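*Asks:* So you can see what is in the structure, the chains are spelled out below.
Number of protein chains: 6
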Amino acid sequence: MIHICRRERFNAAHRVFVEGWSDEKNSEHFGACSNPNWHGHNYELFVTVKGEPDPLSGYVIDLKVLSKIIREKVINKVDHRNLNLEVDFMKGIQPSTENIAKAIFHEISPLIQKQKAVLHSIRLHETENNSVEYFGEFA
Amino acid sequence: MIHICRRERFNAAHRVFVEGWSDEKNSEHFGACSNPNWHGHNYELFVTVKGEPDPLSGYVIDLKVLSKIIREKVINKVDHRNLNLEVDFMKGIQPSTENIAKAIFHEISPLIQKQKAVLHSIRLHETENNSVEYFGEFA
Amino acid sequence: MIHICRRERFNAAHRVFVEGWSDEKNSEHFGACSNPNWHGHNYELFVTVKGEPDPLSGYVIDLKVLSKIIREKVINKVDHRNLNLEVDFMKGIQPSTENIAKAIFHEISPLIQKQKAVLHSIRLHETENNSVEYFGEFA
Amino acid sequence: MIHICRRERFNAAHRVFVEGWSDEKNSEHFGACSNPNWHGHNYELFVTVKGEPDPLSGYVIDLKVLSKIIREKVINKVDHRNLNLEVDFMKGIQPSTENIAKAIFHEISPLIQKQKAVLHSIRLHETENNSVEYFGEFA
Amino acid sequence: MIHICRRERFNAAHRVFVEGWSDEKNSEHFGACSNPNWHGHNYELFVTVKGEPDPLSGYVIDLKVLSKIIREKVINKVDHRNLNLEVDFMKGIQPSTENIAKAIFHEISPLIQKQKAVLHSIRLHETENNSVEYFGEFA
Amino acid sequence: MIHICRRERFNAAHRVFVEGWSDEKNSEHFGACSNPNWHGHNYELFVTVKGEPDPLSGYVIDLKVLSKIIREKVINKVDHRNLNLEVDFMKGIQPSTENIAKAIFHEISPLIQKQKAVLHSIRLHETENNSVEYFGEFA
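In order, the protein sequence lines correspond to chains A, B, C, D, E and F.
Residues 1 to 139 in the numbering used here are what the first sequence spells out, letter by letter.
Residues 1 to 139 in the numbering used here are what the second sequence spells out, letter by letter.
Residues 1 to 139 in the numbering used here are what the third sequence spells out, letter by letter.
Residues 1 to 139 in the numbering used here are what the fourth sequence spells out, letter by letter.
Residues 1 to 139 in the numbering used here are what the fifth sequence spells out, letter by letter.
Residues 1 to 139 in the numbering used here are what the sixth sequence spells out, letter by letter.
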């Protein structure tokens, strides 16, 4: 069993807040992250897939295929977008780094399985100091 | 003459667009960067100051003082903010990386001079691949 | 279950040596690391906490809270300090990177539990080439 | 149980291809990676060893010893070399990043055991976006 | 006057040697870098362009245009290639990092001028420790 | 004219203080940096040399030669040392980053000239946020 990891990047705006709360109450709970005028990040996304290397190529998964899956299902939907307003798989979900990572996991996991490999984890860096990693429901 | 450089960071939302143009025309000219719902970045800011080291401390400028100037005049105004809507020194200015760097230069240059040093340049990274550096009007 | 990781940094002096041994014997066993006049490092500390995201905020733990715990219990005690002489939780402990990581783990683990999360690991980088990770006694 | 990790680097040429296939067929399957005139990488190698810290030194393994093992058994054989043509432990093996990591694991695992520690994993970065990690047969 | 810098990357094989010298003589002069079986690198390329920001966009040069120039004139020719054998603008030139940077400068400088900007420098990193920067003939 | 840059690293202890002042007075002026029990850093040193590439090798200077000069004249004297107590070229000099960079410049400049190249600058990073660059007396 070998892990293979692909890094991709995207830039997006977001805001952490509870709908129905006043700006003041949101600010109290979430601080500057709830700014009603938005803020944004350069997100770094690390997708780790596991499996056995193919006898011929020595690849667990062709990185060009993995990169294509990530771009089509994730990057094209989130890059230069507003994570609260414009991303189908984030509709109705609080865009904390934790929740974005979970949503991305479930978005691409079925497509990895079609490649006869297993999605091990989604690691997402919001800043150089803050990151999360999600391993799926049964991890 | 020695250069001393301090790195600070901020996260912000922005949009590159021309007011009065339709979203379509802005999109044609500026692509995804003009998304009306905003996007954002983790900006890295490098402030370079030059001068002679103080005979006692060996410092061109005390980095605690330099950091305080940058935080008060820049970071506190731009971090977790919308660069188009909320930053006094960016009012009416297209928030390209070039223009943000220029505005920051003029914002802090007078305060560096009060410290008996000279602001050499503002380098600003928008992503790991894109950066600008501004050296002032007479460079 | 999601992992969330916070990076903090500190600069400290230390020396790896056995009290009671001569400088020569220490030098034989530990090389330059036992220099009686000390040396030092820019340590990078990665604190990983695990738990379920809060339904409202989507946070496993508020990173401002996590950062405050790390600063109060660790950074304020070790930054710009001598790890052999000045740090309460390192008293009588050989300041190898391994032992510093273990001591930090036990220092902050109870405070993470009070936040209804679990400390997963302490990763500590001494240089860009050398790091350790500690997962607790029962890992 | 503590993990300790040492980074080493090497630069090498390689080509991913199947002997007996035409250049065209290799190109179809492996793209630019099968260029018959070779291409190359700056590989980053992370060797993670686990064990209990020694009571006296606080070390799981002396990093000078670990670094010497990696240099003698790996770096000296692969640095500035052609991975398809010149490396004894890669003879007859497709030099995918996965297979290089596996081969390095088996090359140094016995020597780590002689140091009373256990090789936990080999992580190998081919580019800043692509990496693999291998944990041994029984992981 | 503002500098704007774009980073691109490529992986290539090369060999530093003098044609007509024996392998032994080349090895004496150039060490492992002259390995007749090639070695390779992940090159990092930083292209710095200078000019005045456009009043409307605030751009010195559109980074999508700059990136396209670099990809068409450089990356497509060198990525996954052998720098001694396969690159038109390196024919007959010793592929030292210095000479590659010079050749890239002259390759793209005319195209930058057509964009009403000036190519300031080409910085090329061969490894994380070694880099060169070329500023043109009249710098 | 081409610039070539070599990065080297060292770990050292130091303290910024004025001899003859009380610990209290030093602490008031220099803060935690004057801790009488020392603190330390992982310094990153960038040595930039300029000249014309040799027609045969394409090298401005052989990086093995440059690295050897830096190691013999600098790294061997400062690595795992106390910059206030143990380094000949820092005797009687306040070990601010500025002053260390200046001293290193004058230490290696004559040896670069013997290689028919010119030392352009010494850049020294004390932390990931703080760095200085010195260009010599006549820059």
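Hint data in this document are derived by calculation from the structure and do not stem from the laboratory.
Any given hint could turn out to be false.
[Claimed, not checked] Cross-link-like lysine-lysine pairs, in silico, DSS-like; alpha carbons within 30 Å at most:
1) F:Lys25 <-> D:Lys68
2) C:Lys25 <-> D:Lys77
3) B:Lys77 <-> E:Lys73
4) C:Lys114 <-> C:Lys50
5) E:Lys91 <-> E:Lys77
6) E:Lys25 <-> F:Lys64
7) B:Lys73 <-> B:Lys91
8) F:Lys25 <-> F:Lys50
9) C:Lys50 <-> C:Lys64
10) A:Lys25 <-> A:Lys64
11) C:Lys64 <-> C:Lys91
12) E:Lys50 <-> B:Lys91
13) A:Lys68 <-> A:Lys50
14) C:Lys91 <-> F:Lys73
15) F:Lys50 <-> E:Lys73
16) F:Lys64 <-> F:Lys77
17) F:Lys73 <-> C:Lys25
18) C:Lys77 <-> A:Lys25
Since the structure is predicted, the reported quantities are computational estimates derived from the model, not experimental observations.
*Asks:* Evaluate each hint against the coordinates.
*Replies:* Here is how each hint holds up against the structure:
Simply put, Lys25 (chain F) and Lys68 (chain D) have alpha-carbon atoms about 47 Å apart, too far for the 30 Å limit, and the pair is violated. Restraint check for Lys25 (chain C) and Lys77 (chain D): not satisfied, since their Cα atoms lie roughly 34 Å apart, outside the 30 Å limit. With a CA separation close to 41 Å, the supplied pair Lys77 (chain B) and Lys73 (chain E) exceeds the 30 Å bound. Pair hint Lys114 (chain C) plus Lys50 (chain C) holds up; C-alpha atoms about 13 Å apart against a cutoff of 30 Å.
Taking the CA atoms of Lys91 (chain E) and Lys77 (chain E), the gap is near 12 Å; set against the 30 Å cutoff, the hint holds. Proposed proximity of Lys25 (chain E) and Lys64 (chain F) is supported: the alpha carbons are some 17 Å apart, at most 30 Å. With a CA separation close to 15 Å, the supplied pair Lys73 (chain B) and Lys91 (chain B) stays within the 30 Å bound. Restraint check for Lys25 (chain F) and Lys50 (chain F): not satisfied, since their Cα atoms lie roughly 43 Å apart, outside the 30 Å limit.
At most 30 Å may separate the alpha-carbon atoms for a hinted pair to count; Lys50 (chain C) and Lys64 (chain C) meet this at roughly 16 Å. At most 30 Å may separate the alpha-carbon atoms for a hinted pair to count; Lys25 (chain A) and Lys64 (chain A) exceed this at roughly 46 Å. For the proposed pair Lys64 (chain C) and Lys91 (chain C), the alpha carbon gap of about 29 Å is at most 30 Å, so the pair holds. A distance of roughly 25 Å separates the Cα atoms of Lys50 (chain E) and Lys91 (chain B); the hinted pair therefore holds under the 30 Å criterion.
At roughly 17 Å between alpha-carbon atoms, Lys68 (chain A) and Lys50 (chain A) fall within 30 Å of each other, so this suggested pair holds. Distance restraint check for Lys91 (chain C) and Lys73 (chain F): the Cα-Cα separation of roughly 37 Å exceeds the 30 Å cut-off, and the hinted pair is therefore not satisfied. A distance of roughly 27 Å separates the Cα atoms of Lys50 (chain F) and Lys73 (chain E); the hinted pair therefore holds under the 30 Å criterion. Note on Lys64 (chain F) and Lys77 (chain F): the hinted pairing holds, with a Cα-Cα distance of about 19 Å set against a maximum of 30 Å.
The straight-line distance between the Cα atoms of Lys73 (chain F) and Lys25 (chain C) is roughly 27 Å, inside the 30 Å bound, and the hint therefore holds. Restraint check for Lys77 (chain C) and Lys25 (chain A): not satisfied, since their Cα atoms lie roughly 34 Å apart, outside the 30 Å limit.
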